[in-house]
Structure formats: C-alpha cells, structure tokens
Amino acid sequence: MSSETEGIPIESEPDPKLRLFVAVPLWDDFRERNRHYYVSLKKLPLDLKWVKPENWHITLKFLGPVPQSQVAPLVESLGEHLKGLSPITFELAGLGGFPRLSKCRVLWVGATEGRKKLNALAHKVAEACREAGTPGDRKNFQAHLTLARSRNNPL
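Here this note's numbering is used: the first residue of the sequence shown is 1, the next is one more, and so on.
Rather than coming from a laboratory, the hints here were simulated on the basis of the structure.
A couple of the hints might just be wrong.
Straight-line distance between alpha carbons at most 25 angstroms, and here's what the computed DSS-like set of lysine-lysine pairs gives [stated by the list, open to error]:
#1 LYS43 to LYS103
#2 LYS52 to LYS42
#3 LYS139 to LYS103
#4 LYS103 to LYS117
#5 LYS42 to LYS83
#6 LYS103 to LYS49
#7 LYS17 to LYS124
#8 LYS49 to LYS139
#9 LYS52 to LYS103
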C-alpha cells in the first residue's frame with residue numbers, strides 16, 4: 001500500500017503479523033499438584049524441549065500468523081460466540097504423542113472427563129475464528145496439554 005504526501009508516494013509498512021492461538025489456561029492448583037510428574041518425566045533421557053508449567057494450556061484453535069489489523073475483529077467475534085458460557089471442568093490423564101507415541105514430535109497428556117465439553121468449546125471458537133476471517137489450521141481438535149516437543153527428530 002502507498003499513500004501520497006505532497007505528491008511523493010510513501011510506502012507504508014505491511015500489516016505486521018502475530019502468531020496466535022486461542023487457549024484455556026490451566027489453573028495454579030493444577031500446576032502445583034502435577035509438577036512432580038513433570039519433574040519425573042524431565043529426568044528421562046530424551047532430547048526434548050519442555051513446556052514450562054507456567055505456560056501450560058489447552059489450545060482450542062491454532063491460528064498461526066494473523067495480521068494485526070484482524071485481531072480486534074477476532075476478539076469481538078470470540079466475545080460474541082463465547083458470552084454466557086459456564087465454566088468447564090475437565091480431567092487430564094494418560095501420556096500420548098503426535099503423530100503417535102512411538103514416533104512422536106509432541107509429548108502430551110490428554111483430556112479424559114470433560115472432553116466433550118472442551119470439544120464443544122473448541123467448535124465455538126473455530127466458528128468465531130472463521131466468521132472473523134481467521135480460520136487457522138484445519139486440524140481436528142484433540143484436547144491435550146503439551147508437555148514437550150522433540151528438538152529434532154521423533155522420540
């Protein structure tokens with residue numbers, strides 16, 4: 001894009017992009033109750049980049065790079081679609097991996113109880129993102145907490 005000032009075209013900077021995702025943060029009590037599992041897993045001889053407990057969350061929708069100009073409409077759409085929701089209770093249990101545990105690039109613990117409610121919430125989030133023009137990735141939602149990622153190759 002360009003604009004003219006006194007007849008001289010000036011190139012404006014492109015709309016900067018932000019790497020975005022919509023997520024449910026995990027509560028402090030959960031982090032404290034489960035920190036010992038995390039510490040034990042970190043002792044395994046695996047070349048992993050571990051997610052710090054203060055960054056634990058359940059990603060509902062990964063959007064990737066989004067132009068900064070689309071953030072406000074996205075937030076508005078999310079607010080409209082999610083207003084009036086009741087709190088969701090869910091449990092996390094069992095280790096898994098993407099694409100599968102035997103050759104995983106991502107080590108995770110999955111949602112068990114409350115998974116259907118998380119799926120419904122993720123569906124509402126995806127709908128809000130589509131309506132705001134930021135559809136994000138096309139992967140099917142799988143409720144999980146990412147614990148670690150492979151630094152190079154599958155585990």
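Out of the numbered hints, which ones does the structure contradict? The structure breaks hints 4 and 5; every other hint is satisfied.
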